[in-house]
Structure formats: structure tokens, C-alpha cells
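Peer 1: If you want the building blocks of each chain, they are given just below.
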Amino acid sequence: MPLHDVGYRPWQGRRSGSLAAILVIASTGIKLAWTSRWLRRAVFFAWSPALVFAGSFFVFEQAIDEGRLGSIQDRARVGRNVDGVGILGRVIADSLGQSDAPPPGQHETPEEETDRTRRAVWSRLMLAFMRSPQAILLAIVVGLVAPALVSRDLRAKAWLIYFTRPVGKFEYVAGKLLILGLLVASITMLPALALWMMGVAVSPSIWVAVTTWDLPVRIIVASLALAIPTVFMALAYSSLTAESRIASFAWFATWAACWIAHASLTTADMMQQAHEDTLMSENAQTADSSNAADGGFTAEDASRRSRRSNARPMGPGGEIGENLSDLLEGRRPRNGPPLNVRQFRWLSRATGLDDTIDRWAWISPYHSLGVIQAWVFGIERRWQAIFPPLLSLGLVSIVSALVLWWRVDAPARV
Amino acid sequence: MSRSSTVEEPVLATGIVKRYGKRTVLDRVSLTVHPGITGLVGPNGAGKSTLVKAILGLVRLAEGGVRVFGLDPRREPHAVRQNIGVVPEDECSVPGLSGVEMVRYAAQLSGIPGIESLRRAHEVLDWCDAGQERYRPVETLSVGMKQKISFAAAIVHDPRMVILDEPTNGLDPIERRAMLGRLTTLARDHGKTILVSTHVLPDVQSICERVIVLAGGRVRLTGSIRELTQPAIPEERLEVIGPVDELVRRLIARGIPARRARPLDLFPSAAGADGRYSAAVETVTPGDGANEGVVLLQLTAPHALAAMWSEVHQLGIRVSSLKASCRPFEEVFLEALQAAQASPTESLHAAP
Numbered sequence: 012m013p014l015h016d017v018g019y020r021p022w023q024g025r026r027s028g029s030l031a032a033i034l035v036i037a038s039t040g041i042k043l044a045w046t047s048r049w050l051r052r053a054v055f056f057a058w059s060p061a062l063v064f065a066g067s068f069f070v071f072e073q074a075i076d077e078g079r080l081g082s083i084q085d086r087a088r089v090g091r092n093v094d095g096v097g098i099l100g101r102v103i104a105d106s107l108g109q110s111d112a113p114p115p116g117q118h119e120t121p122e123e124e125t126d127r128t129r130r131a132v133w134s135r136l137m138l139a140f141m142r143s144p145q146a147i148l149l150a151i152v153v154g155l156v157a158p159a160l161v162s163r164d165l166r167a168k169a170w171l172i173y174f175t176r177p178v179g180k181f182e183y184v185a186g187k188l189l190i191l192g193l194l195v196a197s198i199t200m201l202p203a204l205a206l207w208m209m210g211v212a213v214s215p216s217i218w219v220a221v222t223t224w225d226l227p228v229r230i231i232v233a234s235l236a237l238a239i240p241t242v243f244m245a246l247a248y249s250s251l252t253a254e255s256r257i258a259s260f261a262w263f264a265t266w267a268a269c270w271i272a273h274a275s276l277t278t279a280d281m282m283q284q285a286h287e288d289t290l291m292s293e294n295a296q297t298a299d300s301s302n303a304a305d306g307g308f309t310a311e312d313a314s315r316r317s318r319r320s321n322a323r324p325m326g327p328g329g330e331i332g333e334n335l336s337d338l339l340e341g342r343r344p345r346n347g348p349p350l351n352v353r354q355f356r357w358l359s360r361a362t363g364l365d366d367t368i369d370r371w372a373w374i375s376p377y378h379s380l381g382v383i384q385a386w387v388f389g390i391e392r393r394w395q396a397i398f399p400p401l402l403s404l405g406l407v408s409i410v411s412a413l414v415l416w417w418r419v420d421a422p423a424r425v
Numbered sequence: 016m017s018r019s020s021t022v023e024e025p026v027l028a029t030g031i032v033k034r035y036g037k038r039t040v041l042d043r044v045s046l047t048v049h050p051g052i053t054g055l056v057g058p059n060g061a062g063k064s065t066l067v068k069a070i071l072g073l074v075r076l077a078e079g080g081v082r083v084f085g086l087d088p089r090r091e092p093h094a095v096r097q098n099i100g101v102v103p104e105d106e107c108s109v110p111g112l113s114g115v116e117m118v119r120y121a122a123q124l125s126g127i128p129g130i131e132s133l134r135r136a137h138e139v140l141d142w143c144d145a146g147q148e149r150y151r152p153v154e155t156l157s158v159g160m161k162q163k164i165s166f167a168a169a170i171v172h173d174p175r176m177v178i179l180d181e182p183t184n185g186l187d188p189i190e191r192r193a194m195l196g197r198l199t200t201l202a203r204d205h206g207k208t209i210l211v212s213t214h215v216l217p218d219v220q221s222i223c224e225r226v227i228v229l230a231g232g233r234v235r236l237t238g239s240i241r242e243l244t245q246p247a248i249p250e251e252r253l254e255v256i257g258p259v260d261e262l263v264r265r266l267i268a269r270g271i272p273a274r275r276a277r278p279l280d281l282f283p284s285a286a287g288a289d290g291r292y293s294a295a296v297e298t299v300t301p302g303d304g305a306n307e308g309v310v311l312l313q314l315t316a317p318h319a320l321a322a323m324w325s326e327v328h329q330l331g332i333r334v335s336s337l338k339a340s341c342r343p344f345e346e347v348f349l350e351a352l353q354a355a356q357a358s359p360t361e362s363l364h365a366a367p
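Protein chains in written order, with our numbering: chain A, 12 to 425; chain B, 16 to 367.
Simulated from the structure, these hints should not be mistaken for lab results.
Check each hint, because a few of them may be wrong.
What the hints assert, rightly or not - Among chain A residues calculated to face chain B with C-beta under 10 angstroms, some are:
#1 Q23
#2 D164
#3 F174
#4 A236
Built from N, CA and C at the ideal position, the CB exists for glycine as well.
In isolation and in its complexed conformation, chain A is listed as follows (with noise of 0.2 angstroms):
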């Protein structure tokens, strides 16, 4: 017999409710993960470029406390690299040509114009770090963690401890939310409000922190945005079967999927284009010697030449669209170091610089989620543009949630 054996006793304590059993489930779920030595990896791993792009902030706020500014906007002008900060200049030069420029007749402080400069690129520079590498991150780390959730309970059975005590559908689906909520938070959404704490302690002035105080309210949604759909549709995956590995590679397998079928169609619409364009060059040069000869220019001929060139995917960025456009019809770029195109494409994609509509973004998870932040933080405003992924991606959140809702209490019920 055991020495501090009491022998069995009642407990009439105070019982918690369901927020508490939400906690211990999401807490316990935390604490198994992170025994995951790959899981620790990958999350250390998801703050290292944060760094770069507090090299960023930094860089551009000097520039603005040694009144340099104007000669940022001159080299974006002429699309040049801002010094030190690589290809991150690219992003600070091309948003200081991108920025708002306040209507027609309007008077603006060099103060008003810093503070809308600064937010232009501060969103930039945001919506750069949160898709380019911390929604790839995110895709691997919930990967690693999101698989076993449900998966693992189906087949070690432990919803029979869950749902033989007080604990309802509602509350073991939240609890497992929230551990991937979480885990998403803390490679999104901390880091990027780390990152807008940072911008507020290296410029000139603690009242950015009030001119920019919409920042964080937008990097806080776009992490939510990030985080409900591939939260749901990972767990969604893990309801499934009582085989990790195979939610595993059907969460990498769709990612890969979509991401191979958005970039085929994307080609298949650029080469068609292309070959549309030189169609159109050759009609036109018919059109000109045709013209030359006979001395005329005709309004037909004005409005070929004119959807010719809205037919480019040019955007206001001027450099960049005129680079894509060299890179577009395989001559080097007037501007800047030389990309290929899939590079160039894709980091202008991006950064939300490329401003033409990405017709297939619903097809890929992570296009359009791109395109979703690009909204969230006031970069994207057509509604033609922003639509379809919303769409797409509000299906899969709600399909997935009904697959999980109807998935996590199956085995109880039969």
C-alpha cells in the first residue's frame, strides 16, 4: 500500500465550465506537440526573417530621420535598389512610387507626406514578410502538427475520454483550434506585431505608433484570415482517418497540387498572351507600312494599339510593370539587377506589386490567401480581384468545418 494512501474521497470543490475544458485541451495539445523536435525547429526557424525585414524598417526609418527620403523617392523613381537592405529595396523603392498621392489641389506637410509614405511601405513590407516566407512557414508547420490532432484520437480512441465527461463537440473542436490557432499566432502574427514594435522604436518618434495604429489591427486580421481556412481545412484532413501520415500528405499534397495547377494555368495564360502580343505587334507593323504607304492612321488602328497596351501586365509601379514586360517579351530588364521571370513574377506577386489580377488565385490555397492579406492590408481594393478567392476560400472553410463538426463524434455515435 502506497505511505500517503488516503483511501478514496469525495471532491466537492468548484467545478469550471467549458472555457477551462477548451484551455486544457488546447494546452495539453501544445505541450504534445512541442515534444515534436521538428516542430521546435520549424518554429525557431519561422522567426529567423523577421530579422531581414527589421533590417528593412531600419534602414528605411534612418532615411527618414537623416531626411533622406527624397532621395528614396528620387531612386524609386528611377527603380533602383534602396542601399542595404537588398531585395527588400526593391519593396521600400517601388512602394514609395506606389504610395497614395493625395487628390488633385490639396496642400501636404512633408509630415503628412512621411506618414503617408511610411504607411505605404510598412504595409508593404507586412504583407511581403506575411506571404513570402511565414505562409509557406505556416504551411509546414501546421503540417507538423495539424495531422496527428484529430487523427490520433480516432485511433488511440481517446474520444471516449473526451466525450464520456462534460465535454461537447463544441468545446474539443475549439480546444483543437486553438492549439493550431496558436502555433499559427506565433510564426504570423507575433512576429509581424514584433516587427511594427520595432518600426515604432526606431523612427524618429513615438507618435507612429499612433499614425500607424491601424497596422497592427490589420496584421492581427490577416492572421486570422491566414489562420481560419487552413486551420480548418488541416483538421478537417486529420478527421478523416485514423492515419496521421495520411492527413499529412494530403495537407502537402493540396498545397503542392494547387500551387503546380495555379502556376500551369498562370504560364498557359502568359504564353497565350504572348503569342496574342507579337500576333498584334505583326498586325501592327502590317498596319503602320500599310498607313505609311497611304499616309493615314486610322481610329481603329489607335484603339488596337491602345488594348495592346493594356493587354501588358503593366502596373502603376512603373519600373516594375516595364520590367515584367522586358521579361515578358524575353528582353533583359531596363531596371534593376536581371530576374528570370518566374523569380521576378512571383516576388512581385508577392509584395503586391504586380498589379494585375491573378484570375487564378482561388484555385491555389496560397494564392489566395495572398490575395486576401493584399486586401486586409489595403493593397488590393477591386472587388474583381479580390472576389473569387474570398470565395474560394470561405467554401473551403465551411466544408471543412462541417467535414470536422460532422467527423470528431462519428466513431461515438455508431
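With chain A's structure known, arrange chain B on it following the hints.
Peer 2: Leaving out everything else, chain B in the frame of chain A:
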């Protein structure tokens, strides 16, 4: 079935029907589980697990209703499950947790807060004699140890009712006896209602006060185990060492109906379907034949007990035990099943 009634039956089921597709698993089942230990027995597929799920509010019933301590499990599942602890038949665990973490987790899910849940987990594990094994991951434990952990997790939140599905599975004889002892303690000393679903009928007979026999989705037999196992003619069972046959002869001479027990009386479960014994069993005589054996006698007549003791004394017989004779529950159970096969819609017995 008013919720405000002062005396609430732990479980009151009225005409419950549960169907899976076209298959009726529970067919107009009405039963009451009283405080104390109740055995729920039946062949495989009888509907025991579905009944337990109905009590927990996990399944939607086609007809009828269940009240658990006056509460409807479908409407108030949390309140019902606060009052219930369940030991499932299947091994279940949260992979990665140790035994004590598992019990603590169960306590926290049941609403016991923070550090108190850890204290309570250790206390209950001590009572279940879990030892140092409690610090090992649950999936690495032996079947018997897992059963203890599962039992500790079921009672850690001090439920009013404990439902156990095959609680002695995987336990060695010593542990099995200890487990049955814990159940008796919970019922007797702590006023818990225990519902034991098992195929081990001697366990049912040894600890249960009442029994419910389910077969084919219907209640075939329900009532007190004492009443159900009582022989048609009340007899006492006297185990003695000494001249057994002489004692029987003298008791009969004094007008006390007595006979020496045969294998039929002691091992009815060894009988074949035709009620006959194999040759091996027929050769067994309780005791060593001449000087040891079991006498079945009726002590209903006045002074019969005094007359019996007088003869025992005169013959110098040593008495090992004297107790009321009862039929093995297994025999009662098999009769109930046979009756169920003969008449699928009738209940054999429905004692209150």
C-alpha cells in the same frame, strides 16, 4: 420523471428504441438502475454498449427517453456527464501522456481546476494501487495497469455513478479481486451507483445487488440477484468434514429434508445443452466421498436448525460453512437466453 423530485433514480429508461438503419438495437427498453451495484449482462450484440451511449446522451433515440439523476442526457449532456464516470472496454488513451497525466487530464476535463487536479489524480492512483508505473507513458503500460489508469480516470472527479465495461479484463486473479473490492467500497461506503457491463457472470453474482439481462435489444430479465438465484425450494448449503452420509441419514430420520450435493447441484454450468454431464464431471463427487462433502437441507421446520446442530455435534462433524444455497447466476442467465430465443418478444421476468 420530474426533475425536482427529491429521490432521483440514477437511470430511468422508458421505452427507448434505437435503430441503426433498419437494424433495431434497442427495442422498447424500459429499465431502472437503482443505487448500489447493478450488473448489465447479455450476449454480444445485445445492445449493452448502445444503452450506455444512450445514458451518456451520445446517441439519438428513435423513441422513448432516458433520465439520469432526473436529467435528460440529450438536453443536458454536460450536467449528466459531470455525474458519471465511464471505464470503457476498449483501451483508450491520449498518446504521449503518462498515467498520472492521463488521470489529471481526465480530472481537468471534468472541471477539477489546476493543481487540485494533480493532487486528486495522485490520491486516486494511490487508492488504485498504481505505484510508480503511473509515471510511464500510458501506451507502454500493461493491460492490467491501463485498466487501473482507466478506472482512476473514471472516478477522479467523484461521480455519482460509475459505468464499467468489462472492468476485470486483463487483470490477474489478485488484481481482479482488488478491483471488485474497490467497486464494493465505492457502492457501500461512498453511496455510488455502479453499473457493470460484463461477461464474467461469477463477478456479477459476487458483487452485484441487481442485474439486467439484455438480449436482442430487449430487457429479458431484471431484478435482485438474490431473488433471481434463489432456488425454487429454499435450501441451505452445509459444508462439512466428517461422516456426511450418516449425517444425511440422521437428518432425514428427524424429518429434515436433506441430500448430499451432486455435481448437478454444484456445477450446473458444466452441463451440456441436453442437461447431461460429461462422464468426467459425473465421476466428481464434492469432497473426498466419505469424510468431506456438501449437504443441501431445508431448515424451514421449527427447531430444524437446533436438530441439525445436535446431530452435527453428536457425530463430531466439523462445519466449514453454512449458507443459503443459491443457483449459479450463469444458470439463470442461460435460462433467460433460452427463453428469449423461444419467445423473442417476451420478458422472462420483470421484478421491480
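Peer 1: Given A236 of chain A was flagged as interface, is its beta-carbon under 10 angstroms from a beta-carbon of chain B?
Peer 2: violated (31 angstroms)
Peer 1: Does the nearest C-beta of chain B fall within a distance shorter than 10 angstroms of the C-beta of D164 of chain A?
Peer 2: holds (7 angstroms)
Peer 1: Given F174 of chain A as an interface hint, is its Cβ closer than 10 angstroms to any Cβ of chain B?
Peer 2: For F174 of chain A, the interface hint holds, since the closest Cβ of chain B sits about 6 angstroms away, which is under 10 angstroms.
Peer 1: With a cut-off of 10 angstroms on the beta carbons, see whether Q23 of chain A makes it to chain B.
Peer 2: Holds, about 7 angstroms.
Violated hints amount to a single one, hint 4; each of the other numbered hints is respected by the structure.
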